[in-house]
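Mind docking chain B on chain A? Use the hints.
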Amino acid sequence: MKKLGLFGVMAALLRREVSVALRQKGEVLTPLVFFVVVASLFPLGVGPESALLLRMAPGVLWVSALLAAMLSLQRLFATDHADGSLEQMALSSTPLGLLVAAKALAHFLLSGLPLVLMAPVLGLQFGLESRSLGILMLTLLLGTPTLSLIGSIGAALTLGVRGAGVLLSLLILPLYIPVLIFGAGAVEADAAGLGIGGHLSLLAALLVLSVFFAPLATKTALRISLE
Amino acid sequence: MAGANGVGKTSLLRMVCGLAPIESGRILWNDTPIHSQSDVYRQDLCYLGHLNALQESMTVNENLVFTAALAGNAPEPTRLQEVLAHFGVRGRGEQLVKHLSQGQKRRVALSRLALSQARLWVLDEPFVAMDEKGVRMLADLIAGHLGKGGLAVITSHQQVDIGTLAPQMLELRA
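Here the protein sequences line up with chains A and B, keeping their order. Going by this note's numbering, the final residue of the first sequence carries number 227, and the count climbs one at a time with no gaps. Going by this note's numbering, the final residue of the second sequence carries number 1174, and the count climbs one at a time with no gaps.
Extracted from the complex, chain A is given alone in its bound form:
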């Protein structure tokens, strides 16, 4: 029998996550539709004044994206926990932290990346210029993987808990604040004619930190949940 290396095992997990999600298309589409609906509610709520909308756009789009990315987090480990697959992952000779990282990557590809691609369409509704749209996409691209990674900690901590959804939001939303501030801030700073290098560097730093620490924290939380 052929042997797989560490990356082979991670790739197998990634393939599995993607193929399961593509068979349950609702799971991929729900966050995306949520994103579109929430972001479209704001112009209806605050009126069609274009200066105001333009001013609000980065913040509104970022908050909507953040909430949408959180929608599917609860199921990140729940199905695997219920059917026993999570136990098998915990007993794999591949470090659980790497498997968790692969799961977070799958979460980003399936719920973060579609948001990044949808964002410019919604940005147009708010009258953002093409330059701002580009920066919005860039910040989302740097920020949403961080959201998936931090979210995986919350998903692991609330595994098997009653009312996990609400608890998960309470745990995770405060941790999302820095990503939100620098993500939305970059678009605003650029519109005001300031440099965005600092914002992007901080977003990238948050991403690097969470790539390193989030899988470790998630792994520990999962082992405790499985006891």
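Just so you know, the hints here were simulated from the structure itself, not pulled from any lab data. None of the values given here were measured: they were computed from a predicted structure. Don't be surprised by glycine CBs; every beta carbon is placed ideally from N, CA and C. Some hints here could point you the wrong way.
Stated by the list, open to error - Result set (DSS-like, lysine-lysine): computed pairs, CA atoms no more than 25 Å apart in a straight line:
id, chain 1, residue 1, chain 2, residue 2
1, B, Lys1133, B, Lys1148
2, A, Lys3, B, Lys1148
3, B, Lys1133, B, Lys1105
4, B, Lys1098, A, Lys25
5, A, Lys2, B, Lys1148
6, B, Lys1133, B, Lys1098
To be verified - Calculated from the model, a selection of chain B residues having no Cβ within reach of chain A, i.e. all distances over 10 Å:
id, residue
7, Trp1029
8, Val1135
9, Leu1172
10, Arg1173
Here is chain B on its own, set in the frame of chain A:
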């Protein structure tokens, strides 16, 4: 391993696997505590609990390939067919797991054992929900594993004759 319901058979097995913490005593594998060599130990371990660990929206083959991948193995497609045929689920490879019956799911879960290269099998009630033929087949599989120098820890409520080797019986009492 035998014992009344609720006496702690599953808990003990989960401790043996390193999933549950040990309150007192030690669990050694090759004279080393399992917690200080968990990576090595997990390579030698194949655990099958009450849950089948099958993802319902994937096909039987995809499930088997994935669980084999977790152990670092990439089985050939022909080998998968062989194993499924041996377990009486021939030709179900491309079917989604959710379309199988309970007994068939259990058989698919058990066929993981045949693909595993682990030396230690930890099986929690493997004979439950199996028909007479299934029990015989599983007993033969375990006998084959033991014959090759493997080790198996099994909980069961029924006495099953596993080949010529004399098993060590442990009866748990509250």
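Kindly indicate which numbered hints from before are broken by the structure, ordering the numbers from low to high. none
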